[in-house]
Each structure stands twice: as C-alpha cells, then as structure tokens.
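**Q** If you read the sequences in order, they're chains C and L.
If you count the first sequence from 1, position 358 lands on 410 in the working numbering, and the numbers rise without skipping.
If you count the second sequence from 1, position 99 lands on 708 in the working numbering, and the numbers rise without skipping.
Take these hints with a grain of salt, some might be off.
[What the hints assert, rightly or not] Examples of chain C residues toward chain L, derived with CB under 7 Å:
| hint | residue |
| --- | --- |
| 1 | 103 |
| 2 | 341 |
| 3 | 344 |
| 4 | 380 |
| 5 | 383 |
| 6 | 459 |
| 7 | 460 |
| 8 | 463 |
| 9 | 485 |
If you are wondering where the hints come from, they were derived from the structure by calculation, not from laboratory data.
Backbone N, C-alpha and C fix where the C-beta goes; we use that ideal spot for every residue, glycine too.
Letter by letter, the chains look like this.
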Amino acid sequence: MLSMVVFLPLAVAAVLVLLPRLSDSAVRWIWIAACAADLILVVVLWLGYAPSESGFSHEVNRRWIPSVSSGYHIGVDGMSLPLVALTSGLFLACAIYSARETRRVRAFAALFLFLETVCLGLFVSLDLILFFVFFDLSIVGMYFVIAGWGHRDAARAALKFFLYTFLGSLALLLGFIGLYLAATPHTFDIVELSRQNPLAGKGLAGALILLALGVGLAIKTPTVPFHTWLPPAHTEAPAAGSAILAGVLLKMGTYGFVRIVMPTLPDTWRRYALVFVVVGVISVIYGALVALAQRDFKRMIAYTSVNHMGYVILAVGAAGLVASSAEQARHLAITGAVTQMVSHGLITGALFLLAGALYDRGGTYEMDSYSGLAAQAPRFAGLTAIAAFASLGLPGFSGFIAEFQIFTGSLGGAPVSTAVAFLGILITAALFLRALQQMFLGEHRSPNGAFRDVTAPEAASIVPLLVLAVLIGLFPRFLLDVIEPAARAVSAVVGR
Amino acid sequence: MELWSLVAAPLLVGTLLLVAGRRANRIAPFLGIGCGVVVAALAVASAIGRPSVNAPMLTGIPVSLAVDELSAVMVVTVAGVLLAVLIYSAGEFGADEPRARFFGLMLVFAGAMLVTVTATNLLVLLMAWEVMGATSYALIGFWWRDEHRVNSGNIAFLTTRTADLGLYLAAGAMLAGGAGGLALADLAQLLPGWRDAATAGIVVAALGKSAQLPFSFWLSRAMDGPSPVSALLHSATMVAAGAYLLLRIQPTGWAGVVVAWVGALTALLLGAVALVQRDLKQVLAASTCSQVGFMVLAAGTGGTTAGTGQLVAHAATKSLLFLCAGAWLAALGTKDLARLRGAARGDRVVGMSFAVGALALAGMPPLSIWITKDAVLSAALHESVPLYLTGLAAALVSAGYAGRVLMLTWSGAAPDGKTLSWQHKAPLPFLAAGAALLGFEWLSGAVWWELVLSGSVAVAGIAVTTAVVRRQDALAGRGRVLNRWLGLEFVAQRWVARPVFGLARLLARFDDRMIAGRVDRGAAAAVGLSGVLARFDDRVVDGGVRATAAIGSTVARMSEVRVEFSLERLVRAVTDGVRRLGRLARRPQTGQLHHYYAQAVVILVVLTALLIVTGLR
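Kindly generate the complete structure, drawing on both the sequences and the hints.
**A** Printed below as a string of structure tokens:
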C-alpha cells in the first residue's frame, strides 16, 4: 500500500514519457488525475493509520543491499504521515496550478511526478541509504525544474542550487557512513540505529558525525549561513517549482533532524543542542530582517522561509536543552516543529503560487511596480492577504499553532534565545503589511495595464491550501493526534 | 452551549460576510444587526447562567471559556455597545459601499473581544487578542485607497503586536513555571522567577492594547477608521481588553505599583493632551487613554470592582460621544472643533446626547463616571497618597477637556448640515441613558467626602475651561509636545522603526555581498584553482607524458628497422597507452562543474576511508 503511494506517480511519469503523441491537455489531465489518485490513497492511508508497537504503520522491510545491511525499509509514523499528506496535497495543487503551463508540458509533468515519488519516498524511508538516494534525486529533479522552466537567470541559479545542496548531501552521506560504522552490527537501518544508540559515550566521533549530519541538513533546511542558494533558486524557479522547493524540499532538512539525528544521536544532540538553538535564532532574526529589506516579492517570501525554518531548528534544539526538566515543554517543542513543517508547506506553497500569478500578469516580482491592485483584483488581493496573515503567525491559521507550541515549549529551556526569536513574528508582520500596502492598497498601478483577477485553476490550487491552514489553525486536533505520539517517542529518546 | 454560540455567532457570521464580499453588501446590515441582537440575548443568558466550556487543543493546553462575575459584566457591555454601533452603522454606509466587509470585520472584531473576556487560559486569550489586533488593522485602514489611513492601520497593528509579544513570553513562562494548562488563575502559584516574567509579559501586552504610556500614539492614528469603528474600538473592545486583562490578573507587588503609576500618569498626561487637540475625534481619543488610565490605576491598586465600573461607564459614554462625533461628521462634514461651534444646537437628539456624554466624561455628579472614577480614586488612596493626588489632578484635567468640547459645541449659532437618518440617531438616547445611570451600581461603599471632593473638582474643571474657551478657543493647539501626543509616534518612528529598517537594509546588502559573495568567490576560487591545476596538468604532467611518449618513439626509432615487427608494435602500444593515460589524467579538469563534483565525491570517499582507518571504536 505504502509502496503504491510512493511509486504511483513514478509509474504514471513513465507512462507519460513512453506514450507518444499525447496532446498537452491529455497530459495535464493525466497528471492531475495521478496526483489526485495519490492524494486519495494518502487519505485512505491516514484513515487506516494505526501504528504498531514499533510506532510505524504500513511498515515494509525487504532485503535490498544486504552486503551493507541496507534494506528497503519504509513505514509511516506521526512525523512522516503529515508530511506525506502535505507532499501529495501540494503536488496536486501544483498540477492544477500548472494547467496554464505551455512549455514542454509532457516533460514538465513527468518531472513533477518523478519528484513526487522522490519526496514521498524520502519521508517514508527508514533506511539511511534509501533516504540518501531520495535526498539526492530530489536535488537532481529540482535542478531540471529550475533550469528547464525558470526565468531570466535560471541556469545559473539552478547550478548554484545543485552544487550547494549536493555538497550538503555529501556531508550527509559522510555522517551516514559514520553512523553505519559505529553500529554493531553495522547497519543503515534508522529504527535499528536509534534502538542501538551506537554513539553513546563516544564524544569526538559522535560530535564529528553530528557535524556532518548537521551541516548536510542545515544546507537543505536552509539555516544561516548556508541559505544563500535559496533566494536565487526561488526567484528563478517557476511558481510550481518554488512551491515544491519551499513546501516540500526544505522539509527534508528539518525532517532529517527529527527522524535521523535526534533519535540516533540523543546524547550528542543534548550536548550540542545550544548550537542548534543559536543557529535557529539567528536564522529567525536574520531571515526576517533581510526579508524586510527586499523589494522583490518572491525573494522576500524566500527569506521568510529561512525565518520560518529557523523556528523549527530552535524548537528541536531547545528540546535537547529542556531534556532534563519539563516533559510537556519538550513535547510541545517537537510537536510544534513538525506542525511548523506542515504549516509552512501549506502557507508558503500558497504564497509562491500567488507570486507566480503576480508574475504572470505584471511580468515582474518588483513590489514597487504595483499599487492598488485590490481595486482590479479583489480576490487575488484577498487571497494574498490571507496567506500573508497566515504566514505572519496570526492565530486562526496553522502558523500560529506551530509557533505558539514552539515558543511555549522552548522558553523554559532557552529563555533568552526564545525571547529574541519572538521578534521574528513582529518583523514578519511588518514586512507583510508593507508588501500588502505596496502592492494592493493605495492608487491603482500595474505594469501591463489591466490586472486580471485569479483564474479558476489558480483558485482551485491556492484556496484548498489556505483552507487547510485555517482548519489546522482552528481545529488542530486531527493533526496533533497523529503527530503527538511520534513527538513523544522522539522526546523520550532525547530525554533518556 | 450558549457560551459556544455567543462567541461563534459573531465570528461565523462575520467570516461569512467577508467571504461573500460584494455580493452580500445588500443584506449585510440586516445580517449584522440580526447577529447583534442574537449576541446580546446570548450575552444576557450567559451572564445569568455563568456557563463554562472546554475543548482539547494542544498537549495539556485546552480551549477553555467561562463566564464569571467579571466576564459577565464584560460580555453584556460588549454586546450592548456592539448592537448600538451596528444600528448606527446601518445609517452610515450606503448600499454601494463595501458594507459586507465592514459588518463582517466589526462582527469578527467583537467576536474576538467576546472570546478575550471569557478566556480562562492564555492560549485562547492570546488567539483572540491577536485576531482582534489584526481586525483593528483592517478596520482602521478600511478606506484602503488612502495611504495615510493604511499607514495608521499598520502602526496600530505593529504597535499592539509589539506589546503582544509579552503574552507569548507569559505563555512560555507559565509553562516553565509549572502551570501546564496556562490557566490565568494559576498565575499566582508559579515559581517565583517565572511568575515575575509571566506577569511582566501580561502587563506589557495589556498596556499596549490599552494604549497606555508609552504606547498611546497608536490610538491617535486609529482615528483614521470610520466613526463606528472608533466608537467600538474605544469603548468596549480593544483598549478595554487591556484594562480588562489587568483587572483579571490583579497584579500585586512591583507589578501593582508599576501598573498603578502607569495608569495614573497616562490619565494625567493624556488628559492634558486631550485638552489642546483641535480635532474632536483626537480629543476623544486622548481622553480614552486618560479614562482607561483610571481603570489601569484601579487594577494596580486592587480596586477590581471600581475598575470594572469605570470600564462599563466609560464604554457607554465613549461609544456615545464617538457616535455623536460621527453623526456630526456625516451631517456637517467636519470634526474640526473650530467649525463644530454650535453643532449641538442643530439636531437636538445628537446635541442633547452629546451633552450628557460630555458631562459624564467630565465626572459631573450624579452621572456614571463621577461615581466609578471616585471609586477608583478611593482604591488608590488606600495604596498611596501621591497616587490619589495624581488621580485627582487627572480628574480635574478630564473635567477640563470635557467642559471645553461641551462649551464649543453649544456656543454660537447652529451650522447648516444634512439631515441624519433615524439609524444614526436611534442608539444615542439609549447610550446616553447608560452614560448617565450606569454608575449607581457602584455607589455602595463610597466615602461621602471623597465623592464631594471629586464632584467639586469636576465642576471646577468645567467652570474654568468653559470660561476660557467661551469667546475664543485659547486652548486649541497649545503646547507643541502636548498637541503632538507627547511626540511618542515621532520617537517610535525615529528610534525604533527607522533603525530596524536600516539594520534590515544593511543585513540585506551584507547577505548579497558577503555571504552569497563569499560562496560565489569560493566557487570561483575552486574553478580558478582547477584552472591552474589544468595548466599544470597540461604543461607538466601531460608534458611528462608526451616526453615519455617521445622517448618511447625515439627508442623505437633507434631500434633497428630490422628489429622484430612485434617489438615495434609493443613499443607503439606502450606509447599509445601512455598517451591515453595522459588524456585521462587531463579529463577531470574539464571546466565542467559536475566533473569537479565527481571528484569531490572521491575526496569524500577518501575521507571516509580515513575515518575507517582511524577507527571509530
């Protein structure tokens, strides 16, 4: 069942590539249908979600490369299931949104379907080699999306993205090999590794492996100072590519921390938790401030991603610090971190799609080129305003649920850092209000004259994301009921 | 159930109106007023039934609402003022104006306030609190084509959110201090250090929302919203929320002292600001800060009952005054006091209602604020004499500015203006009755000499200013600092907003040049290095290879032609092989970056091997 969820998109991609002479519209419909079918499968998966004693549901463990004891080990738990759902939802949204794409539609659809399989595969991987393969393939897939369908300076940005994140993946591989070697018997199995806790009491080796894993994942997340690939990649990528890059690919980094690093290196994590807290807070403040100075709407959103991912790093770091004391605080911090991954995926995904709609009409992301758009495009303005308020952490949206848990859970362990991180939500508020004012309010001005309101495919792709963000913001239990047991498990491992 | 419906009704109907947008412009007033009536009924029912509800939300932190004595007073006040303001708004906006947006926002705004005053833990309180702030942004910037008004909305939202960070701090501190459910009632039982942090956070948030010093300036800018917005925002919601929260937590110790003094000083200084404003709405706005200051003073001195009374009396009075100001704005097209001379002599309903409101605001016996403010001063006297005297001085100033606007609007001939609709006027008498009579509830327990003293102060204040402004308004625009609201906004812009923007631009440049630049330069350096290596490779290594090949051929040539054919072939094979190796060696330096990456992989593998050799065990 789980394998079907993962590989269905890839199978459809293969069909798309192999079937000759498909019309563009047929390709679009097949693409949407495949994504929808996959989402339905995920919903079925969610409804039937019943974790076994190991904490995982739909677990599959087959021999794959027995010589290095690496297996095809997949399964979902409370941390991966929400991300799997987010992935399939966001890919469907992108498929619907891309109904207006006219350049090499077949290749575009196949590439996205391939990427969907890769992303889903990563989140369900319970084996380091499997994880690594998907991790690297995601970089390759996204490289082609940016280079092939981006604008202006796409080739350069794509190359930078590729090199930078690929370098990160190599560091990650180094860390994985370190973990493999430390374990007795040698294994790449994540569940087995976290059971063994192979580096307990091995100071230096643990620290080196944590460094390798930390750098590798920090590049992907990205945190300051490893974030510089992000703005150009986002600015040049096509809208759907940006949505996937920010919505799903960035989560691979933060997911790696909670899935791999914290459970397999709990002692080392506790020892160096403060480093992550500090990196998290710097990302929060730095990302927000640099975003505040941007004049390019899309670049601004890209920097707010650095800010939002900073909260996640802060939370997982603080969870290591509060290990000795409050149990509830640790749960809240980790649950908040996972919630933030989902929330950021929905909200930033929506924002990037809206940015794409803006570019479509005005041909530029420069905020100064627009003014008073609310007069001509009230629905577009309304949706952007909702997404902006959701992104600045207004209660009633998922972002608040995530950030409140992160703040409340982290303050006890890291009071000063967390208090400084509060300023992040203030600065993001300022930057979004400024952007809204510049583009939508005041006297009307638009570079290409008339500004069309949102079209049906745009609305059909963006509105559900925001509806979900509101749903999580008001009635978070359906999500938290899934996340909390898994967060508790990680929390127990880090606290032991 | 009634409590869920009480909070859900305005939030739900409001959201529906907002989503429907223009399509709902026609029915918006009916839906809005209908919802207002339902809310009022439910509020009364909740005040009598005192329900409490619970639902799970986060780990160990539920959504919990309850109506206790304080909340009961609050929900009825909010619902009453809301209904009055909504009826007035029906006359204020034409069918071609965005009524759906207006009524939708007003309902959400009031709904958020209802949640705020019934919340029993910080999670719910904070959620409602911030939604209220965001809605106030949208209401203040309601006429969004005007950049100045939008800016005012921004300032209001950002200023109050700055203070709101205190609530985030308080939430974390409560959890760390041992109150896992974040219940407001547990505040006193926290571990000492965390208790102080939580209290400090709540106090800052409350002072910000209530526009107390030093946050007062946002309220001046909030005047850019439509009049009904001011009427609601200044009376029973938003600014009242801060005072309510302080009354709820009853700060003691250092927090009590700080709160009491901030309240007293705001009452005095912002009263002085109100005294010299040229614009009627600005007078009323500064007066709001000042009157809320009395509530804050009460909260800091343990006078919860007195503070609640002041809140209720002020809510009725101030909503009345703002609606009157709005009615004049609609009829005469101005809120400039100089041009409002004699306005009260025009429409008698508006004029009389305004007079009642102004006299109540002045603290004139036997109207409501006279009694409630005296109760507040009495509580202050219990704590300290300097606080009492400051409060008394503030009362004198209040009487002064109220007397001034009263005199100005009643002297001179009535100006000509448009006739007002019945909706404009219908709520006014009811609010005036409230402003006059609501205080008697708080009369019991008052000390007679204090009542006489504050009554005399009110009369004296009115007498002095009416005498001063009778012929000419000598107070208008006096004192540059007072006239500009103590320069608070200037300070915030100059010393907070501007440095932050400057820092942001600086960091952005740093980010572009330094970090990204470093990375690019690093990459360039790597490419450059590989170029050097490539040249080295071409000249030295490949040269060596060529030399070897040349030697090989020479050797071959030197061999006798007669040497066996097979030998020559062998040599040729060797040279070819060497040549091929040379080409191979040159291959990595292709200038194509993915090749360099392949090499990086190799290097990493070597590093790994190193790791294996040095051993992990």
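**Q** Take the hints in turn and mark each one as holding or not.
**A** Verification of the supplied hints:
For residue 103 (chain C), the suggested interface contact is broken, since its CB lies about 18 Å from the closest CB of chain L, more than 7 Å. Because the beta carbon of residue 341 (chain C) sits about 4 Å from the nearest beta carbon in chain L, less than 7 Å, this interface hint is met. A distance limit of 7 Å between C-beta atoms decides the matter here; for residue 344 (chain C) the minimum to chain L is near 4 Å, and the interface restraint holds. For residue 380 (chain C), the suggested interface contact is upheld, since its CB lies about 5 Å from the closest CB of chain L, less than 7 Å.
For the restraint placing residue 383 (chain C) at the interface with chain L, the shortest Cβ-Cβ distance is roughly 5 Å, inside the 7 Å limit, so the hint holds. At a threshold of 7 Å, the smallest CB-CB gap from residue 459 (chain C) to chain L is about 5 Å, leaving the interface hint in force. Among the interface hints, the one on residue 460 (chain C) holds; its C-beta lies about 5 Å from the nearest C-beta in chain L, closer than the 7 Å criterion. Satisfaction of the interface hint for residue 463 (chain C) is found here, the shortest Cβ-Cβ separation to chain L being roughly 3 Å, below the 7 Å cut-off.
The interface hint given for residue 485 (chain C) holds, since its Cβ lies 5 Å from the closest Cβ of chain L, which is under the 7 Å cut-off.
In the structure shown, a violation is registered for the earlier hint numbered 1 alone.
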